[in-house]
Amino acid sequence: EPEVTQTPSHQVTQMGQEVILRCVPISNHLYFYWYRQILGQKVEFLVSFYNNEISEKSEIFDDQFSVERPDGSNFTLKIRSTKLEDSAMYFCASSWGQGLEISNQPQHFGDGTRLSIL
Amino acid sequence: GESVGLHLPTLSVQEGDNSIINCAYSNSASDYFIWYKQESGKGPQFIIDIRSNMDKRQGQRVTVLLNKTVKHLSLQIAATQPGDSAVYFCAEIPNFGNEKLTFGTGTRLTIIP
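Line by line, the protein sequences give chains A and B.
The first sequence runs 109 to 226 under the working numbering.
The second sequence runs 0 to 112 under the working numbering.
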């Protein structure tokens, strides 16, 4: 079964450094997402991406964050100057369509990148 | 404000028994609901979804029930197995055309052998 893959599985970075988290969404999917989960808390939406542009973002997704689809398969999340509070699991997800298009189109998640900021 | 919450944080069930996990939501305009399973060290795994124009949907060993009157969602797992042990989240898409999933806090289901 096709799946979303994320690399690396664990990233340790010094505070203030830039970090890039990588994702390969399911190949025929059109919508791409990043979520994060701070330890012991809910999964929180960060950003959605469609047709090579951001379609929605949360208040968490400030100017330090950016996303890119540099080629036909990868989808990246960049944090420019990391802070201690950026430590979390970051999940990439993709879907064929939005929730109510044509038929049910759920978002499928990767196994995440654990980001640890020191 | 909008919220998706769960009644119980933990649930223990004897292997082979049925389990029911509950979820309350506050946004009556929500259109689409999904149940995810999250095992330790893994991402949320899609289990089953339901639209607001339905009140029941069945999958393999799982059934989702939606009661829009009381804004309540439940996940029933039949004949539980050790592999069902995980954290279960309900998630909603609040509005038509909206893309972000709003997740609940999760219920940890433990299957007792």
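Derived from the structure by calculation, the hints contain no laboratory data.
Each residue gets a CB set at the ideal place from its N, CA and C atoms; glycine is no exception.
Hints are supplied without guarantee of correctness; some may be wrong.
Mimicking EDC-like on lysine to aspartate or glutamate, the simulated pairs with C-alpha atoms at most 20 Å apart in a straight line are [as the list claims (entries may be wrong)]:
id, chain 1, residue 1, chain 2, residue 2
1, A, 150, B, 98
2, B, 41, A, 111
3, B, 41, A, 176
4, B, 41, A, 126
5, A, 191, A, 171
6, B, 67, B, 38
7, A, 186, A, 176
8, A, 150, A, 219
9, A, 165, B, 98
10, A, 186, A, 109
11, A, 150, B, 38
12, B, 70, B, 83
13, A, 191, A, 161
14, B, 41, A, 167
15, A, 150, A, 167
If the Cβ cut is set under 7 Å, some of the chain B residues that face chain A in the computed set are [what the hints assert, rightly or not]:
id, residue
16, 45
17, 48
18, 82
19, 83
20, 84
21, 86
22, 102
23, 107
Hint by hint, here is what the structure shows:
Pair hint residue 150 of chain A plus residue 98 of chain B holds up; C-alpha atoms about 17 Å apart against a cutoff of 20 Å. Under the criterion of a C-alpha separation no larger than 20 Å, the hint pairing residue 41 of chain B with residue 111 of chain A is consistent with the structure, at around 12 Å. Distance check on the hinted pair: residue 41 of chain B and residue 176 of chain A sit about 24 Å apart at the alpha-carbon level, beyond 20 Å; violated. With a C-alpha separation of about 25 Å, the suggested pairing of residue 41 of chain B with residue 126 of chain A is violated against the 20 Å cut-off.
In summary, the hint linking residue 191 of chain A to residue 171 of chain A is supported, as the alpha carbons are separated by about 13 Å, within the 20 Å threshold. At most 20 Å may separate the alpha-carbon atoms for a hinted pair to count; residue 67 of chain B and residue 38 of chain B exceed this at roughly 29 Å. A hinted pair counts as satisfied when its Cα atoms are at most 20 Å apart, and residue 186 of chain A with residue 176 of chain A qualifies at roughly 8 Å. This hinted pair checks out: residue 150 of chain A and residue 219 of chain A have alpha carbons roughly 15 Å apart, not beyond 20 Å.
About 10 Å separates the Cα atoms of residue 165 of chain A and residue 98 of chain B, which keeps this hinted pair within 20 Å; it holds. Restraint check for residue 186 of chain A and residue 109 of chain A: not satisfied, since their Cα atoms lie roughly 28 Å apart, outside the 20 Å limit. With a CA separation close to 14 Å, the supplied pair residue 150 of chain A and residue 38 of chain B stays within the 20 Å bound. Between the alpha carbons of residue 70 of chain B and residue 83 of chain B the distance comes to roughly 25 Å, so the proposed pair goes past 20 Å and is violated.
With a CA separation close to 25 Å, the supplied pair residue 191 of chain A and residue 161 of chain A exceeds the 20 Å bound. With a CA separation close to 25 Å, the supplied pair residue 41 of chain B and residue 167 of chain A exceeds the 20 Å bound. For the given pair, residue 150 of chain A sits about 16 Å from residue 167 of chain A by alpha-carbon distance, which is consistent with the 20 Å threshold. Checking residue 45 of chain B against chain A by beta carbon gives a least distance of about 5 Å; that is within 7 Å, so the hint holds.
Using the Cβ-Cβ criterion of 7 Å, the hint placing residue 48 of chain B at the interface with chain A is satisfied: the shortest such distance is roughly 5 Å. Because the smallest distance between the Cβ of residue 82 of chain B and any Cβ of chain A comes to about 16 Å, over 7 Å, the interface hint for this residue is violated. This hint is violated: residue 83 of chain B has a C-beta 18 Å from the nearest C-beta of chain A, more than the 7 Å allowed. Contact between residue 84 of chain B and chain A, as hinted, is not supported at the beta carbon level, the nearest pair being about 17 Å apart and thus beyond 7 Å.
The criterion of a C-beta within 7 Å of any C-beta in chain A is not met by residue 86 of chain B, whose closest approach is roughly 10 Å, and the hint is violated. Using the Cβ-Cβ criterion of 7 Å, the hint placing residue 102 of chain B at the interface with chain A is satisfied: the shortest such distance is roughly 4 Å. A distance limit of 7 Å between C-beta atoms decides the matter here; for residue 107 of chain B the minimum to chain A is near 11 Å, and the interface restraint is violated.
Hint compliance for this structure: hints 3, 4, 6, 10, 12, 13, 14, 18, 19, 20, 21, 23 are not met, and every other hint is.
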